[in-house]
Amino acid sequence: MNSQIPSKQNFTKESLKKQFRLSEFLAEKIISSVAFLSIAIIFLIFIFVFKESLPIFSQGKESVKTEIQQSAASNDKPESYGGSETSAELQPESYGGVEKEELQPESYGGVEKEELQPESYGGVEKEDLQPESYGDVKKEDLQPESYGGVEVEPLVADDNSAESTEVKEEKSNSIWDSLLTADWVPVSENPRFGLLSLLIGTLKVTIISMLIAGPIAILAALYTACFASKRTKEIIKPIIEMLAAFPSVVIGFFALMVMATFFQDIFGYDSRLNAFVGGIAMALASIPIIYTISEDALSSVPKTYTEASLALGANKWQTAFYVVLPAATPGIFAALLLGVGRVFGETMIALMATGNAALMSANPFESVRTFAATIGAEMAETVFGETHYSVLFFIGSLLFIFSFGLNALAEFYVKGRLIKKFQGK
Amino acid sequence: MKDIKIQVNDLSLYYGEKKALKEITMQVPANKVTALIGPSGCGKSTFLRCINRMNDLIPSVSITGQMLVEGVDIYDKNVDVVNIRKKIGMVFQKSNPFPKSIYENVAYGSRINGINDKRELDEIVETSLRQAAIWDELKDRLGDSALGLSGGQQQRLCIARTLAVSPDIILMDEPASALDPISTSKIEELVHELKEQYTIIIVTHNMQQAARTSDHTAFFYMGELIEMGKTNDIFTKPEKKQTEDYITGRFG
Ligand SMILES: Nc1ncnc2c1ncn2[C@@H]1O[C@H](COP(=O)(O)OP(=O)(O)OP(=O)(O)O)[C@@H](O)[C@H]1O
Ligand SMILES: [Mg+2]
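As they're listed, the protein sequences go chains A and B. At position 73 of the first sequence (counting the first as 1) the number is 72 in numbering that gives the first Met the number 0, and the numbers step up by one without a gap. At position 151 of the second sequence (counting the first as 1) the number is 150 in numbering that gives the first Met the number 0, and the numbers step up by one without a gap.
No lab work stands behind these hints: they were computed from the structure. Don't take each hint at face value.
Restraint ranges, calculated between C-beta atoms of paired labels, are given here [said to hold, decoys possible]:
{"#": "1", "chain 1": "A", "residue 1": "P237", "chain 2": "B", "residue 2": "H204", "range": "42 to 50 Å"}
{"#": "2", "chain 1": "B", "residue 1": "D143", "chain 2": "A", "residue 2": "I41", "range": "32 to 40 Å"}
{"#": "3", "chain 1": "A", "residue 1": "K419", "chain 2": "B", "residue 2": "H204", "range": "36 to 44 Å"}
{"#": "4", "chain 1": "A", "residue 1": "W316", "chain 2": "B", "residue 2": "D72", "range": "24 to 32 Å"}
{"#": "5", "chain 1": "A", "residue 1": "G404", "chain 2": "B", "residue 2": "D116", "range": "36 to 44 Å"}
{"#": "6", "chain 1": "A", "residue 1": "L15", "chain 2": "B", "residue 2": "L56", "range": "47 to 55 Å"}
{"#": "7", "chain 1": "B", "residue 1": "V80", "chain 2": "A", "residue 2": "I38", "range": "47 to 55 Å"}
{"#": "8", "chain 1": "B", "residue 1": "G142", "chain 2": "A", "residue 2": "P301", "range": "43 to 51 Å"}
{"#": "9", "chain 1": "A", "residue 1": "G415", "chain 2": "B", "residue 2": "G70", "range": "47 to 55 Å"}
Every value quoted in this text rests on a predicted model; they were computed, and no experiment measured them. From the three backbone atoms N, C-alpha and C, an ideal C-beta is built for every residue, glycine too.
Please model the entire structure based on the sequences and the hints provided.
Dropping the structure here:
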């Protein structure tokens with residue numbers, strides 16, 4: 000080229016002038032707007048869910064007052080699912096053929112019968128109303144919540160309506176007092192929205208499934224990353240990853256039909272569907288996720304660490320456990336978190352395999368009802384604007400907040416400490 | 000023959016079909032520094048990794064011939080590779096401290112050998128770091144991550160880590176190739192001090208370094224051992240033309 004010619008100036012203002020590159024500019028803008036859009040959408044979804052749950056904060060006082068009246072008026076057992084003798088005694092939430100006159104349709108704040116205009120969207124006459132009676136099922140056929148032909152013990156609430164009335168008169172002034180109880184009886188004359196048993200249930204299932212899925216998935220990942228030959232790895236990895244795409248309804252079905260019986264034979268517990276069975280089924284669902292991400296983390300640990308360790312006279316196991324595993328801690332931790340998130344929000348398996356009874360108990364072999372399953376099961380049956388509806392949305396926000404909180408905690412606190420512990424300051 | 004540490008007989012190594020080492024026969028004297036020199040790709044690292052069987056990690060490698068360490072063939076079926084590596088330590092070309100604290104890096108080798116007593120470990124860590132001439136620099140920050148150290152410090156830490164398991168033989172693959180002159184001279188001094196207790200084999204591209212630090216020098220070319228002898232002899236009156244050309248930089 001003519002670089003030898005001294006008179007030619009290569010660095011002129013013109014040649015170095017800032018250029019506007021349209022395609023670069025557009026690409027950059029599009030990518031960033033997509034990123035922000037997805038953040039905005041998540042945020043908006045949360046806002047929506049939370050907004051729907053707002054009424055429970057404002058209406059707390061009224062609903063409690065009316066609740067008291069109601070429970071005083073009706074002293075029989077309103078929330079006895081399927082446990083009553085005759086259809087005459089049947090209360091409205093007994094999904095089945097109820098006599099019209101006795102109907103107290105969905106009165107979540109007990110107003111007196113005469114005043115009641117339940118669910119009259121538009122002017123429906125009271126007599127026409129058949130609240131929640133999906134078809135005219137005979138009462139005998141009705142076994143609410145018993146999936147797969149299993150008998151679930153009827154959930155009969157303690158006969159404590161009289162006592163609870165007094166208790167409520169004394170204290171409950173806000174919705175929180177009601178939410179922080181153990182009774183989840185959303186559909187009844189005296190509805191109670193205690194979230195504690197749901198919380199316990201969710202935690203129980205999550206803990207059980209993580210205790211099972213975590214070690215299995217991480218050990219499997221360690222095996223494929225550190226021990227398996229290349230050929231074996233090429234076979235195992237895609238197969239386990241394929242499991243991640245397994246429809247959860249199929250896993251739930253399998254748990255319901257096969258695993259539940261199998262484990263009942265082994266452990267001999269009473270309720271066939273319980274937290275343990277649900278936990279195992281969810282472990283099946285979360286193992287592929289934890290496995291895939293941990294495997295990636297373990298494989299990306301530099302080979303030089305492995306070599307250094309082996310050169311010091313460590314055997315393969317020591318190298319895998321004391322060098323590779325700690326070096327991959329952040330990735331494995333992220334994998335476990337995703338697993339927790341999956342279990343936490345898993346709805347179909349929870350519906351099918353956990354028994355769906357909101358019980359307060361630490362026993363892993365009792366039925367449980369999880370947050371997600373509660374929303375899944377009840378959302379379709381609630382009435383827009385009712386307390387029940389709002390509470391379900393409140394549960395939805397809780398799920399949101401939990402997973403946010405979990406991630407934030409992991410990001411800022413646990414991860415830092417783990418890294419410090421395993422990798423020095 | 001008490002001061003022959005390693006006796007290599009007709010050792011050949013194949014990467015798949017490709018013959019990377021061709022019938023190497025040599026003797027490495029005990030408690031001396033032996034330098035391996037030669038152009039890039041001639042098989043120095045490959046040979047070094049044969050001595051502590053690091054090539055076992057590469058599936059395509061096959062080896063024929065004998066590698067006798069104190070008379071024992073380390074490629075014998077009954078020899079445990081883990082025990083070999085405990086006796087024959089290695090410092091890599093690229094420093095590779097673990098992503099752990101400085102202390103844990105040095106203590107690692109002892110821990111996997113079952114030493115868990117805090118006081119004993121403290122002692123091992125201190126003496127190893129002192130031996131590697133890095134104790135004074137690091138003694139106040141033993142809890143810090145080793146990855147935060149400079150390249151030269153990391154390399155000396157890796158040497159300390161190797162010393163901590165008290166091997167017999169130390170293999171060094173261009174330990175100073177990425178270091179500044181000061182760190183390099185520190186490592187050279189270190190090598191000089193260490194040879195009293197250890198047999199050292201060091202790969203280097205730096206002729207001065209080979210001349211300064213080693214007692215014996217082996218010249219490799221295209222997978223063959225061309226010439227081996229006292230460093231002084233190799234550098235002043237080499238027998239082979241190729242050696243002379245390489246040393247004087249007239250290679251090609
Ligand atoms: N893992 C491997 N697979 C196949 N061939 C290899 C492998 N490692 C090294 N080789 C080949 O073996 C020969 C010797 O390589 P080696 O690394 O021993 O050279 P070297 O003398 O250490 O070179 P340098 O001075 O550049 O480090 C080279 O031709 C190289 O291409
Ligand atoms: Mg090399």
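Comparing the hints with the structure gives:
1. P237(A) with H204(B): 42 to 50 Å: holds, 43 Å
2. D143(B) with I41(A): 32 to 40 Å: At 38 Å between Cβs, range holds.
3. K419(A) with H204(B): 36 to 44 Å: holds, 39 Å
4. W316(A) with D72(B): 24 to 32 Å: 26 Å Cβ-Cβ, so the 24 to 32 Å window holds.
5. G404(A) with D116(B): 36 to 44 Å: Given range 36 to 44 Å: holds, Cβ gap about 42 Å.
6. L15(A) with L56(B): 47 to 55 Å: holds, 51 Å
7. V80(B) with I38(A): 47 to 55 Å: For V80(B) and I38(A) the Cβ distance comes to about 52 Å; the hint holds.
8. G142(B) with P301(A): 43 to 51 Å: With Cβ atoms ~23 Å apart, the hint is violated.
9. G415(A) with G70(B): 47 to 55 Å: Cβ of G415(A) to Cβ of G70(B): about 53 Å, so the range 47 to 55 Å holds.
When held up to the earlier numbered hints, the structure conflicts with hint 8 and nothing else.
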